[in-house]
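Q: Protein chains in written order, with the numbering used here: chain A, 1 to 320; chain W, 1 to 309; chain L, 1 to 243.
Read the hints as simulated data drawn from the structure, not as lab findings. One should not assume that every hint holds.
[To be verified] Under the rule of at most 20 Å between Cα atoms (straight-line distance), these lysine to aspartate or glutamate pairs were calculated in the DMTMM-like manner:
#1 Lys44/L - Asp258/A
#2 Lys71/A - Asp280/W
#3 Lys298/A - Asp288/A
#4 Lys277/A - Glu74/L
#5 Lys273/A - Glu231/L
#6 Lys44/L - Glu265/A
#7 Lys262/W - Asp258/A
#8 Lys93/A - Glu174/W
#9 Lys273/W - Glu165/A
#10 Lys93/A - Glu138/A
#11 Lys252/W - Glu165/A
#12 Lys93/A - Glu208/A
#13 Lys273/W - Glu208/A
#14 Lys92/W - Asp72/W
#15 Lys44/L - Glu138/A
#16 Lys3/W - Asp157/A
#17 Lys44/L - Asp37/A
#18 Lys277/A - Asp72/L
#19 Lys44/A - Asp72/W
#20 Lys212/L - Asp188/L
#21 Lys3/W - Asp276/W
#22 Lys212/W - Glu174/W
#23 Lys133/L - Glu190/A
#24 Lys71/A - Glu169/W
#25 Lys146/A - Glu111/A
#26 Lys212/W - Asp157/A
#27 Lys212/L - Asp276/W
#28 Lys133/L - Glu138/A
#29 Lys273/W - Glu299/W
#30 Lys44/A - Asp42/W
#31 Lys212/A - Glu169/L
#32 Lys44/L - Asp288/A
#33 Lys3/W - Glu165/A
#34 Lys93/A - Glu299/W
#35 Lys133/L - Asp281/A
#36 Lys212/W - Asp171/A
#37 Lys273/W - Asp37/A
#38 Lys212/L - Glu169/W
#39 Lys273/W - Asp276/A
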Amino acid sequence: MNNRVARCSMFVTPTNPRFIDKAWTRGGDVYILDIEDSIAPAEKERCRSLIRESIPKANQGGASIYVRVNKPFVDADLPCSVWPGVDRIMLPKTESAAEMRHAHEIISRLEKERGVPAGTIELSPMIESALGAVNIHEILTATPRKIWSMGGGGGYDMAVNLGIEMFANFDQYAFPVAYVALAAMALGIEATGGVFVHNASGRVDQSEQAVKQAVALHAAGIHHAGALHPAFVQPLVSGLSPAQDEISWADGVIEEYDKLTDAGESIGMLATKVIDKYEYDMAERTLDWAAACAAKDKYKARALSRADTGIAPGPGETRP
Amino acid sequence: MPKYIRRSLFSLPIEDPRLGEKSYAAWADAIILDFVKQPGRDWQQDLKSRMPAAIHEAAKGGAEVFVRINSDASAAELESTVFCGISGVVLKGVNGPGDINNASQCLDVLEKSRGITGGSLEIDVEVNTAAGVWNSLEIARASQRFGTFTVNEHELCRNLGMFPGPVLEFEPLEYIKSQLITVATSVGGQAQGMSYPLSLTQENAGDEEFGKAVRRARDTGFKGAVCPHASWIKVCNEGFRPSSEEVSYYLKVREVFAEGLKRGMASVPIDGKMIDVPVDLRARLYLEWADRAQARDAEKAQAHEKPAA
Amino acid sequence: MTENINPRRSWMILPAHDPAGVMRYQEFKPDVVVLDLEYSVPPKSKEVARAGLGTLVRKVGAGQAEVFVRIDRETRWADVGAAMHRGIKGIVFPGPEEPGEVAELGELIAAMEKARGVDPGITELVLMLESAKGFWNAASLAQASPRVTALGVGRIDLTMRLGRVPQGEFRLYRFLMTRTLVAARMLDKQPLGAFWRPGSRGGVASREITVKAAREAMLMGFTGCLCATAEQVVSVNAGFTSA
Chain A
1 MNNRVARCSM FVTPTNPRFI DKAWTRGGDV YILDIEDSIA PAEKERCRSL IRESIPKANQ
61 GGASIYVRVN KPFVDADLPC SVWPGVDRIM LPKTESAAEM RHAHEIISRL EKERGVPAGT
121 IELSPMIESA LGAVNIHEIL TATPRKIWSM GGGGGYDMAV NLGIEMFANF DQYAFPVAYV
181 ALAAMALGIE ATGGVFVHNA SGRVDQSEQA VKQAVALHAA GIHHAGALHP AFVQPLVSGL
241 SPAQDEISWA DGVIEEYDKL TDAGESIGML ATKVIDKYEY DMAERTLDWA AACAAKDKYK
301 ARALSRADTG IAPGPGETRP
Chain W
1 MPKYIRRSLF SLPIEDPRLG EKSYAAWADA IILDFVKQPG RDWQQDLKSR MPAAIHEAAK
61 GGAEVFVRIN SDASAAELES TVFCGISGVV LKGVNGPGDI NNASQCLDVL EKSRGITGGS
121 LEIDVEVNTA AGVWNSLEIA RASQRFGTFT VNEHELCRNL GMFPGPVLEF EPLEYIKSQL
181 ITVATSVGGQ AQGMSYPLSL TQENAGDEEF GKAVRRARDT GFKGAVCPHA SWIKVCNEGF
241 RPSSEEVSYY LKVREVFAEG LKRGMASVPI DGKMIDVPVD LRARLYLEWA DRAQARDAEK
301 AQAHEKPAA
Chain L
1 MTENINPRRS WMILPAHDPA GVMRYQEFKP DVVVLDLEYS VPPKSKEVAR AGLGTLVRKV
61 GAGQAEVFVR IDRETRWADV GAAMHRGIKG IVFPGPEEPG EVAELGELIA AMEKARGVDP
121 GITELVLMLE SAKGFWNAAS LAQASPRVTA LGVGRIDLTM RLGRVPQGEF RLYRFLMTRT
181 LVAARMLDKQ PLGAFWRPGS RGGVASREIT VKAAREAMLM GFTGCLCATA EQVVSVNAGF
241 TSA
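Pulled out of the complex, with its shape left as it was, chain A reads as follows (with noise of 0.2 Å):
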């Protein structure tokens, strides 16, 4: 399952046909089924009933597929979101290693019901408050289920939780944004996170600030944005791919080193610019996430061309 490659998710709200019909044809990378905050409590429980059917509905464009549960209803709300085709659970407001053990017992009991490969599905705890900010680290090493940190420490609910206004124009979150994500790092784990761009408009259905955001992420290293409208979908998935003439650097890069390497040299020149053991590295993992992005967007392309034709996948035929 090739989860790395989520440059654009997005939510999805699983009661709303019309929504979740037409949301595989947005060319996002990942799909997440919503039975949190965008469902209303009056509607959760038809929205439980939803999700197993939501999934082949939310997959043909060859998106992953997430479900973001509810923190009050875990124990309700797993046993309707785990199934073959969900790729990973995120976990609203996460605050504790409880609670991510918790849930990561209860879907591994679901993993062995339903015929899952054990482990296969992964655990995303999502930072909403001061103190999971500050619990950071307990959370991320609770458990043996690979983790990506997601939420990293801004957002609404943050906000709510420290008592602030967003919009300010300047970095409101800047120790939880940042304590997350060096917690992150260190264990080796991956992390969607943010950087502060500033917004001034508070609107988020401006594709500009999509852009705008793509490259600031982008800039940053960050491979990983959430789309808070459909129209953000497509330039954040060009926007957080590696334009060609990375690519075409980075292999001049490697071909450069190589050469150093065989000298018994290690600092070089190529085009002004200095040739080292970081550039190399860097430029393995530009190719190494270009790969990864032709490689899903391969399967994207397949999944599509299926979805016209209504084939449905060969028997041996595997996710990238």
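With the hints as your guide, set chains W and L onto chain A.
A: Positioned in the frame of chain A, the structure of chains W and L alone reads:
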């Protein structure tokens, strides 16, 4: 949602002969009493005899009263200064949870012997050392008595070797202040402080400029500020709370959402923004905050109905 | 450390495989000479560099400059062995991650002090943090050996692949500087680092940029940094000297 309505904290020395008058005139939410240990005198006996009256004077404007204590002499200082009428103590020079535990144990004993409700005295931490910053989480978790963090910026700068003036275009203490706000919030407490550069210049500022600085402090998560001048107090009292515009807006939010619910809708628009359960919850929290701030003002107004004796 | 009147503002990195190049340090008057076995020494010259350290350490040490040797984390045991000679002031350890590594190196240094006739306990350890794990463990690393006298921010834009953020800084840079400063000051170690910004990679930083990076770090509480090039020494000394 702040644990305490403590928008303005004002320090006064107990030796000040006009202590009562100044407290009454200040309209601060909290008065922090400082004391001097006179060399060559039995300072403990001195303090013991003066404190109850000083506390009474400091409370004249309706403020909560605190006393500022040094961690390394906490047992002796607490014994000499903790009497009925204070809400808690502000501890300086805190380097780790041990300092909190020591103070808390002293307070356990003093509450019993001085007729103060057990466990009621708060411990607030005035951070002024690198260790206080590094160990902030353990410090905040050390006791149920923990209430708030404030930062003594000049002393902290000295301890860190940082230049204590607003020369840099960015705030050098930015991550430290954000950390203290985050840690305090994580234990259900809060932090008080001012935004840069006013937090370092500590000068008197014109209302508009100062209003912006308070707003920025509030947007960072601070729930009040320590006021080096009485002139800061009014703007802090007004600024560290939802404004009247925000209150009107949140009332509208609650009204529109309730209407929507009656009609079976879980999400309603106001000016292009979707109002749903989390937004309504936030509105409720802010309105509660506004109500509590108003109630605090009413309390202080009542305290001012009688003239300062 | 308190009786040391050397302000240790500029730590000049010099490739140990080039003795003639090293001896020109006197033109630039750095506060500290760091004989490098790491980045500036190509693989083909590592053996030569190690072999010549004995002579170099004694020569530079005799000339009143404080001499440190920067080891390569990957080959730290061999490098410490090569570095420990009379005249050495300390070892610069880039990229420590776990306290055990620091404690172990401290013990290796002790054994070598004995073997080479260096005064016991005199050799310092300077830790340059260069990985997320290192920053996470900053305080416990600095406490792992009594030899640690300085804690610094390394070449983290490179080693941690910190990208750029719209405000014109490296992502996480100021947070990591703050974290290092607090740990260092708490434990009474010299905080090393400069506020480098995007566009000033490695040795291409101009004089103005270097002075600014050093000065801003100084205002934040740091008191010195490593100099990748000779030209940076003057600027770093200037930046870390308060007006």
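Q: Determine which of the earlier numbered hints do not hold for this structure and return their numbers in increasing order.
A: 7, 8, 12, 15, 17, 19, 20, 21, 24, 26, 27, 29, 30, 32, 34, 39
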